[in-house]
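Chains as they are written, first to last, in the numbering used here: chain A, 1 to 420; chain B, 421 to 1004.
Honestly, the hints are just simulated from the structure, not real lab data.
Check each hint, because a few of them may be wrong.
Said to hold, decoys possible - Computed cross-link-like contacts, DSS-like style, restricted to lysine-lysine with a CA-CA straight-line distance of at most 27 angstroms:
1. B:998 x A:65
2. A:97 x A:10
3. A:128 x B:998
4. B:574 x B:752
5. A:25 x A:382
6. A:22 x B:866
7. B:436 x A:10
8. B:451 x B:436
9. A:230 x B:866
10. A:368 x A:230
11. A:22 x B:973
12. B:944 x A:9
13. A:331 x B:866
14. A:264 x B:866
15. B:451 x B:542
16. B:998 x A:251
17. A:231 x A:188
18. A:25 x B:973
19. A:251 x B:702
20. A:25 x B:752
21. B:998 x A:9
22. A:231 x B:866
23. B:779 x B:708
24. B:574 x B:451
25. A:10 x B:555
26. B:866 x A:30
27. A:9 x B:973
28. B:703 x A:251
Said to hold, decoys possible - Partial pick of chain A residues on the chain B-facing surface, computed with a CB cut under 10 angstroms:
29. 178
30. 259
31. 357
No residue lacks a Cβ here, since even glycine has one placed at the ideal position from N, Cα and C.
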Amino acid sequence: MKAECPFLKKLANLAFNRHMAKNMKQMLEKFTRRIETSGLVEPGGALFGMADDRIVWNRTDPAQKILEPLFSNLNINSVLFARPAFPYSVIIDFLAKTTRNSTIMPDDCETRTFLHDLPVADAFSALKLNQCLKARKSVIVPGGSIVTTGTISPEQALVAFSSVCFACFVKFFSDFLKHVQTDGVSKKEARLFSRIAPFCAELRPAPAGLVHGPFSMEDEIRTAMAEAGKKTVEAGLVDSSFGNISCFNGKTLYISQTGAFLNKLEGFIDPVPTDGSRCTGITASSELGAHLNIISATKDHAILHGHPLFSVIMSMVCDIEKCEKKGECHKSCPYDRNICQIPIVSGEVGAGPHGLCNTVACRMNDQKAVIVYGHGVFTTGKTDFNDALSRLYSIENDCRNEYFRRVRDVIGDISNLMAS
Amino acid sequence: MNSKTKSNKTNGWWGKIAFIDLEHRRVSIQKPALKIYTAFLGGRGLAGFYLKDKITLSYDDPQMPLLIFTGPLTGTPAPTSGRVTFMSRSPLTGGVGDASAGGNFGAALKRCGLDGLVITGKSASVCGIEISNEKIRITDASTLAGALVQTAHKQLAPKGSTAVIGPAAENGAMFANVMIDGRHAAGRTGIGLVFASKNIKYITVSGNKRPPVFDRTALQEASADVMRLIAASPFLMGPSGISAFGTGALYDLMDARNMMPANNFSASKFEHAAALNAPSFKKQYGFKSHGCSGCHIRCKKTGRDNRQIPEFETMSHFSALTGNSDIEVVRKANLICDDYGMDTISAAATLAAYFELEKRRPGPGEILRLLGEMGDGQGIGKELSCGAARWCAAAGHPETAMCVKNLELPAYDPRGAYGMALAYAVSTRGGCHLRAYPIGHEILRKPAPTDRFSFAGKARMIKNGEDANAVADSLIACKFTFLAATCEEYAKVFTAATGISMTGQDLLLAGERICYNERIANSKNGFSESDDDLPARFFSPSGPDALAPIDRKDFLAARSAYYRVRGLDESGMPFPEKTRELGL
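Chain A extracted, bound-state conformation (with noise of 0.2 angstroms):
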């Protein structure tokens, strides 16, 4: 290629940073837009930033001071930082500083998956933040903010956001139900529990009705199952960025594409042969092989999977004292588990011989549905997701019901709690 002129060079460069910041900032409104609708974050309490030769925020903030070195710190392209929606920021404040190590160790999949521990900052200074983020994606602070980042995009630091308030949730309950039934809880405990259960403890509006199946056409299919993840989205059921979906028409399983978000399937959802001619199911959820195994075993052809928090919290309560599988309960428990007759199996995310592939189509019986240890349901319909979303909703309040029922066997009225 010939010589670029020099003068000519710097004016293309000035175009295209102000045309790339423009995208940036684009961007970040994007996820700031999500994070928001999504019930995680108060509007206008997301600072995200992102970088690429320059770095670009989506709204002004002090705290860019403290944040800004982390990009020549670190190889990252993306942090965001925010005080989560309430009952979150006061569960992850309440975390912080009772945790000992500075660090969180929360149970559920994903944090053991994808995570890893949950590390958490005595002050919101730049040298502590890059302690902690030299090491991990995610860091809390003092009063319950989280910091996040991504290496290559701001959609990272979203979604390890929301795994850091659903960890931190999870966590809270399953320790405040075994601390309320075994070794007693603290005051501090006590006292945010009472605040945050009526929140908690409300039943969800049940989600409207959906299209019927059957559907031959792929276009009807693209868009039950699009129609199906925004309600389930809505429903509380799962985060957008979690879960899959997906529907078979007897030749071809569609499927949400792997890191899809839920309530914007449009776009994002695979073909896959199931006579194995085409290998497009390359870029599908991590599920597909559990989705193409559940298909199989119980002629179903709609499937849903989400992660409900009560069902986590749940299926994570095991009253076995004595297991010589204790500690191995997410990959090989040795027992038929269930909580409101629903079948509870072990399981990791995707392939591998404790896969979610091997383990769940096995426990699909007549309920339709399986929690998987510390992960999420899976729920079938026969040829539409009706009852594949109602069975969700039903099964995750059931699981809500159960909790405050065994909290409430162990201290009567939850009013009792702050008067103990």
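Chain B: place on chain A using the hints.
Okay, now just chain B, sitting in the frame of chain A:
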């Protein structure tokens, strides 16, 4: 840094490197300082450290080192850690030339009690190097001169894992490979020709020493974190992933995304793709899986006849790029390249350029005949074996060579992934997809999807990707694993293996150092911004079957942004301050 300080043997590494002087038939062991190991890790990083001071020598200068390095994880139970780096100055590109190879060679070399080999000099006659534990012998290999790779490998296999060159290297092919265990290529930049220039036909390694590991329990735990992420990866372990179908699983995806380079990159879609995908190969030849040492993904496939099934790049280039719709030709072309020891991407891309200049499609049997001529150094094949860039330049049409820094482009059309376009251009290796592999996020959606038709944010993404892959190439771990696990998880593995506490970001800093070292090395040979460029074809309309061209101004501005993020000047040259900052 001075490499000749007192030894600091630790865990992970042995702390020993064998220096082999072929001219004087002498072997000595050096014990580099621990700080060299921690700064450059191993593999590509450590090899680059030993190459930098010699990089201005010609590739065939006897003093030009041939570097073969393992990493701190090689030979340990760490996942996907069995690979090995071959490095020298590339005959094809004139810059840093390296190849990460699978098979058992890396683990076997490490089990000999050595971290690496630095081979200099030129043997007076064709020789072999046989390493058994720490015993190193230089042998007469004249009876194997000119032997096909399979023939030599079968004869040598009882001596251990083999690294062999084929007739292509001996006949001067600029893109000659070294073949590991008869079927794993140390490919791309012509390292096979460096072997030949030193009169080395083969190296065998066999060892039984257990590499030192600091904390085996911690290594097991850290490895479990990596294995969990591998299992969760649809690309690696999913029903349509590479464990099931080999890297050929990518073929359908490139077709579905309309970015399969066809007819020497004049089109981005191949009408016969559906009949030449990985499932078609599986149906026709049967699939048996095998893998590299220490890897459970087992993405390598052989047919019922126990011979290799082509990898993705080979499948794509010997079909779409060369305009061939015969599956049997694709397979045979792959086997010929393996037997002669030729890089399949370079060979196919050179043929594609040849047919374009000939203004015709290949005739029946022509691809296979020309490959044979390339390997034998005969007829037109002799001229083609110098690679697309040299051949097209000699033919008066340099613009027809789809190369970056003389290295032929792989099977991802850069018009379909702008990060890939930038990564091709700035790669220290030349037209290589693996230095940053933005296909991970632009196409495979890992670790998160990015807009493939935008340069927004791509400069930093490419720099970060390059650093991460430099870590993978130096530890050594398979780069594909890094589409699931990251330096965060591998830092724990590294710490368990070596006992040296490093975070993911510490490793990435080493990755940055390794990349910058290569930029410095290339700059010494005159590489600058004019070399960090794509063929002109990608910036102008190529016809109805091609993706829309890349905006040239945007590309140049993205490249400038990359230079700023990487700490280079406007011409892509290293800054002294940055060089010092990285301890180089």
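Hints breached by this structure: Numbers 2, 5, 7, 16, 17, 20, 23, 24, 25 and 29, in rising order.
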